[in-house]
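Engineer: With chain A fixed as given, assemble chains B, C, D, E and F onto it according to the hints.
Protein chains: 6
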Amino acid sequence: MKPSPNCLPELPALLAFGAHPDDIEFGCGGVIARATRSGCSAHFVVCSRGEAGSHGSPAQRTAEAEKSAALLGATVEFIELDGDAHLEARAAHAIKLAGILRRVRPDIALAPSLAGNQHPDHRRLGQLARDASRLARYAGVPELRASPPHAISQLLFYAVTPEAEPADLARVLIDVSPPEIVAAWTAAMEAHGSQTAARSYVELQLTRARLNGLRAGLGHAMALFPSDPCVHDSLAQLGRGARHF
Amino acid sequence: MKPSPNCLPELPALLAFGAHPDDIEFGCGGVIARATRSGCSAHFVVCSRGEAGSHGSPAQRTAEAEKSAALLGATVEFIELDGDAHLEARAAHAIKLAGILRRVRPDIALAPSLAGNQHPDHRRLGQLARDASRLARYAGVPELRASPPHAISQLLFYAVTPEAEPADLARVLIDVSPPEIVAAWTAAMEAHGSQTAARSYVELQLTRARLNGLRAGLGHAMALFPSDPCVHDSLAQLGRGARHF
Amino acid sequence: MKPSPNCLPELPALLAFGAHPDDIEFGCGGVIARATRSGCSAHFVVCSRGEAGSHGSPAQRTAEAEKSAALLGATVEFIELDGDAHLEARAAHAIKLAGILRRVRPDIALAPSLAGNQHPDHRRLGQLARDASRLARYAGVPELRASPPHAISQLLFYAVTPEAEPADLARVLIDVSPPEIVAAWTAAMEAHGSQTAARSYVELQLTRARLNGLRAGLGHAMALFPSDPCVHDSLAQLGRGARHF
Amino acid sequence: MKPSPNCLPELPALLAFGAHPDDIEFGCGGVIARATRSGCSAHFVVCSRGEAGSHGSPAQRTAEAEKSAALLGATVEFIELDGDAHLEARAAHAIKLAGILRRVRPDIALAPSLAGNQHPDHRRLGQLARDASRLARYAGVPELRASPPHAISQLLFYAVTPEAEPADLARVLIDVSPPEIVAAWTAAMEAHGSQTAARSYVELQLTRARLNGLRAGLGHAMALFPSDPCVHDSLAQLGRGARHF
Amino acid sequence: MKPSPNCLPELPALLAFGAHPDDIEFGCGGVIARATRSGCSAHFVVCSRGEAGSHGSPAQRTAEAEKSAALLGATVEFIELDGDAHLEARAAHAIKLAGILRRVRPDIALAPSLAGNQHPDHRRLGQLARDASRLARYAGVPELRASPPHAISQLLFYAVTPEAEPADLARVLIDVSPPEIVAAWTAAMEAHGSQTAARSYVELQLTRARLNGLRAGLGHAMALFPSDPCVHDSLAQLGRGARHF
Amino acid sequence: MKPSPNCLPELPALLAFGAHPDDIEFGCGGVIARATRSGCSAHFVVCSRGEAGSHGSPAQRTAEAEKSAALLGATVEFIELDGDAHLEARAAHAIKLAGILRRVRPDIALAPSLAGNQHPDHRRLGQLARDASRLARYAGVPELRASPPHAISQLLFYAVTPEAEPADLARVLIDVSPPEIVAAWTAAMEAHGSQTAARSYVELQLTRARLNGLRAGLGHAMALFPSDPCVHDSLAQLGRGARHF
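Residue numbers (the working numbering), protein chains in the order written: chain A, 71 to 315; chain B, 71 to 315; chain C, 71 to 315; chain D, 71 to 315; chain E, 71 to 315; chain F, 71 to 315.
Quick caveat, the hints were computed from the structure, so don't treat them as lab data. Be aware that one or more of the hints could be misleading.
[Stated by the list, open to error] The following label-pair restraints were derived from C-beta to C-beta distances:
(1) D238(D) to R269(B): 24 to 30 angstroms
(2) A129(D) to E273(B): 54 to 60 angstroms
(3) A162(E) to E273(D): 31 to 37 angstroms
(4) E213(E) to A267(A): 23 to 29 angstroms
(5) R107(B) to Q307(C): 35 to 41 angstroms
(6) H220(B) to R107(A): 54 to 60 angstroms
(7) A253(C) to I149(E): 55 to 61 angstroms
(8) A237(F) to S270(B): 57 to 63 angstroms
(9) D238(D) to H220(B): 32 to 38 angstroms
(10) H220(B) to H220(F): 40 to 46 angstroms
(11) R269(A) to S223(E): 15 to 21 angstroms
(12) E80(F) to S223(E): 21 to 27 angstroms
(13) E147(E) to A162(C): 23 to 29 angstroms
Everything numeric in this text was worked out from a predicted model, so none of it was measured. Even for Gly, the Cβ is constructed at its ideal location relative to N, Cα and C.
Bound conformation, chain A alone (with noise of 0.2 angstroms):
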């Protein structure tokens, strides 16, 4: 099924995994809103309630990340893992994402970063992720079997701080300049309250898209990741290049 049944047929479905309530929207929040705002449709995956954290309890934190997937045109849903703090890389958690995929049925994955330096959590659920969009096409895995195989066509890593930024990834750069763009991220970071009244939380994110934005010459632009090469038709897809100082 499909989450959002008011997608243009001929643009990508996204499916956005994060470990954390706040996650999707610090480390790709932008990129999403800028995609909702053109049709596709986007659909989350929150892996814990941030129960660990320090601030929030685990009924506002879900309450933020309903209010704030709303803010970015998307839906939301929550699963159950190991919890806060206590994710594991178990095979059977890779399942069942590949489960997850299968049933959305996206045609880009967002995940965090496998960067060794961040929450332990983000580098996990970015390894499962991997190896769900793997799993998820592979017709004999007995869980998996009550749905048909599934492949995405892109696999992309965002990084929730400036360390997650992995080493051995190119990076693409996504335009977010349009202010309805900048606004709509800006109001989904700061509907987690819990989190942004303690630290610069949306500062920081800010101040990384428009570092992006002043190497590209424009007002603001987000960072991913691609899992692997990207393939074009030819160089007339290709995009233009990002050195403007």
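Structural biologist: Then chains B, C, D, E and F, alone, in the frame of chain A:
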């Protein structure tokens, strides 16, 4: 002056630099063929007559390059730098190439990669082309004042041999599978008869492209290495990922 | 117990680990064929029956692996870990593999690479095999006390797909050009008929080997990735370099 | 002309390039000693008289180099490039070195590594030697037409200091443990008395070799860095791995 | 509770994690000795009794570790995770280590590096320690609520063997040249008599430290690998660079 | 001769090399401001008048640089190498810079990074400065005999743009948060009015510094890249780690 008047205005114009008369064909000929077949203009700048090679006279190699460029739908010019096997990374050379960029005013420039373990002329030309891409947009360089600054939108490196594929840049893959593209590219490589008689250059390149194609679920694909991150307006423009096996 | 009694004493005995019934053949089958033809013994340890794959029943895949091993002159055994698509990096698994190393006592162990972007069973088996190679020589591990410690002389990684070639390890190339070697390897790959019907696996591997061969001035060559630096008594043993083009 | 007529025909002939009179001895002297003791010929090409160093006159340093080469069983010649501390990466220099490779016709060439953070003459000579190895086999370079093309079988980099060990190339270790080899190497280093009086160069090199030896379960070992992958006929030729601790 | 009451308040308190009873001493013992001699407190947390090693009973190894810690001026405690050669990267372990960080409240934590090619317990403990350093400052982890959050100021990795030196992190060098420091460190290593009888571990570590010392113009120096960039108030605090030869 | 007589003797003297009149200010101006405010002396060596840039006459840019240096508490001199956009990596240039190092005799030298993808003058000046740092301490270079050898204690690279941050060197962060430091740095950048009118250079640098600051829990911080490992007497001197989020 644009080299090709029949280029569709919305399609990118290409300029490819080659150190020797056959480098462009072996390193990115299939990409050129695909681009020109879809309406892009392409111009080749060749920086020697191959006069230090083991086979072929300068006159013979010039004729081969001209025939090959025509098969790829490109124009070609020869310039004098230091000569085959004698190229050095002089600032004056970078300025000379910048002047060509200002004259031709391409959207995309292609140049040999900067990987160290290849023919020294290749990596030096790659460095010169990268420097030239910057200098072309500075207004104050005295030697360049005759023509207005020009900023290309992309600098893409190609690898003449597998060893020349740069370890520090990510690849994009361009689909060159259509039979007429493979045929045009193969004919362009074989037009360098003085070179292909002695070594398996054509088979090497087709094997590389077939391997990329097998990885990506295509017939043949060629790898290019963008100098800077690609910027996209949205995820919908990103192309698909190469993972197939 | 050595798996093969007719191994010449001065030639190295090989043990190859595979996650699925066809991994060894696709990843290093030509190397195995060349080694056994020159008198080395070879033993395969396969850690699943491929029961999660898209094609072929466990019984069918077991029979294919047995036929394929015989074509390569190797013996084969199957072990139970967590099952296909379910392998985890448990310490108990590494100890189990260490026990097999102590029983078979090979000189050289081969295992799938640790590159991240491949089937998760592959990289996890590579990690387990590397850990097992260490544990096999520690005297105090309780589960291993039944057999004396054993130190292999080399751990070599193979890459089942191009994406699995590790970026952080240098390659060595093994010449598999003799026609009878290519034929034996091809026959061993084709023995996995349940897999080769649906995808171009055999062509992929032969294309990879042909590309390595073209680089090195040979017919076909396969890349292996030593886990540790190679030690030589003198420069005379170093072999030649691969540069050909 | 081969520099040493009493070289056994089946053993590789070595040519080592050094920027200063003591670089070869400090960077790979033990390897040279081991090779010449086993019957290989060795020839040194030294590209300055060390005239910019803090200690020792050119005449003194020339005499030291000649004595040291003799202790290692090698012949030595001095060539003029730009002078000590003045070396530049000129194409003409690479062609000059290529001419020497054609005259001496070694199997193996040794040169200082290309690591950036070392004496600039070292890395530039390494680049020149790598380029020269290619140019030596091209038939058309005018300056080289007097002698037939020559292809070496291996280019190996040595590191004069720990900082010069290249991060992007894998090492091989050569066992230099036999006491007569350590003694010959030590004597050759100490023959450069003008240098060893002021600094702990000899201890530095012996400490490096002892550390490599401890890693590999040997007395002393020296690291070399092949420019290209090593090609072997079979796994039996691969040597053992270095893991010992 | 701080482990050592006589620590000067302005000096950093250290906590070192070790997988086996001798890892801390071999990997960073000289640094510990220098710190405690200058007034820092140091506490060791050892995660096994070395019961899987080739030599020494658990009781013997415990006694050796206690003697060694005393020689270094440190306190020591043993904790139970999965046992020697059985350690796994479980979230519960990271939380357990985080609880110790909250109890001891050190300024600096030291842990084995995450390099892949070493004893698996080492790299897994390094991962656990890095994760624990994050979890120690999150207020919501249920198992940790008994003690207030604690943020260390630095996580430093040490390398028990040369292979364990991480390729992706830069090193800092700590001068351990004073004779009394070398003596205390050597005595602490030799206190592990069950290990040093069979292998040249002490010589290995002293050789490593001497090589670092020779590079930096010191007697002996040990390398540590900060997990995160170091922050300084001004250039005056940066220390000098290591270049000496 | 030290450039600034009122430098406190125990504080390091700084010498910064810049290719163009504004490079030092944009790349490390905040660090300079902080150092001079605490009593260090600072001297700038600028290697062109910016005569190839798009904006500003040489006279104008010279005046801007002099005003800017004064705002940072530094002295400035201009030298002639090959001119803006014409710089080459000549040995004679490195020797010229070495002569300046011998005259000024700084403790710390700052130079643009060697990253490839930036203005060619920047990376070439970085190479020249690194080479000069070595040559300055060799006693035999004829051109340098007039002044005694000098060894700096640190060579630090700065990055004028984000693309110039070197991937192969680790960063240290210098806190430039005090309001008077940010103000002095901003004023120094804005003193280059010919450049800041056309592009967002000042915002780019402040955004970079704010992002570093947010990562480290500070207001603003600038990254520098030591050429060699830092050596410390003890862990107490190491500074804190940057991890904050």
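Engineer: So, for every hint listed, does it hold in this structure?
Structural biologist: These are the hints, each one checked on the structure:
The hinted window of 24 to 30 angstroms between D238(D) and R269(B) holds, with their beta carbons roughly 27 angstroms apart. A beta carbon spacing of about 56 angstroms between A129(D) and E273(B) agrees with the range 54 to 60 angstroms that was offered as a hint. For A162(E) paired with E273(D), a C-beta distance near 49 angstroms fails the hint of 31 to 37 angstroms. Take E213(E) and A267(A): their Cβ atoms lie about 25 angstroms apart, and the range 23 to 29 angstroms holds.
For the pair R107(B) and Q307(C), the beta carbons lie near 52 angstroms from each other, so the given range of 35 to 41 angstroms is not met. In this structure the hint that H220(B) and R107(A) lie 54 to 60 angstroms apart at CB is violated, the actual value being about 34 angstroms. Between A253(C) and I149(E) the beta carbon distance is about 58 angstroms. The supplied range of 55 to 61 angstroms therefore holds. The hinted window of 57 to 63 angstroms between A237(F) and S270(B) is violated, with their beta carbons roughly 35 angstroms apart.
Here the CB-CB span from D238(D) to H220(B) is close to 35 angstroms, well matched to the stated 32 to 38 angstroms. A hinted range of 40 to 46 angstroms holds for the C-beta pair H220(B) and H220(F), which are about 45 angstroms apart. For the hinted restraint 15 to 21 angstroms between R269(A) and S223(E), the CB-CB distance of approximately 18 angstroms keeps it satisfied. Checked against the hint of 21 to 27 angstroms, the pair E80(F) and S223(E) passes, with Cβ atoms roughly 25 angstroms apart.
Our hint of 23 to 29 angstroms for E147(E) and A162(C) holds, since their Cβ atoms are close to 27 angstroms apart.
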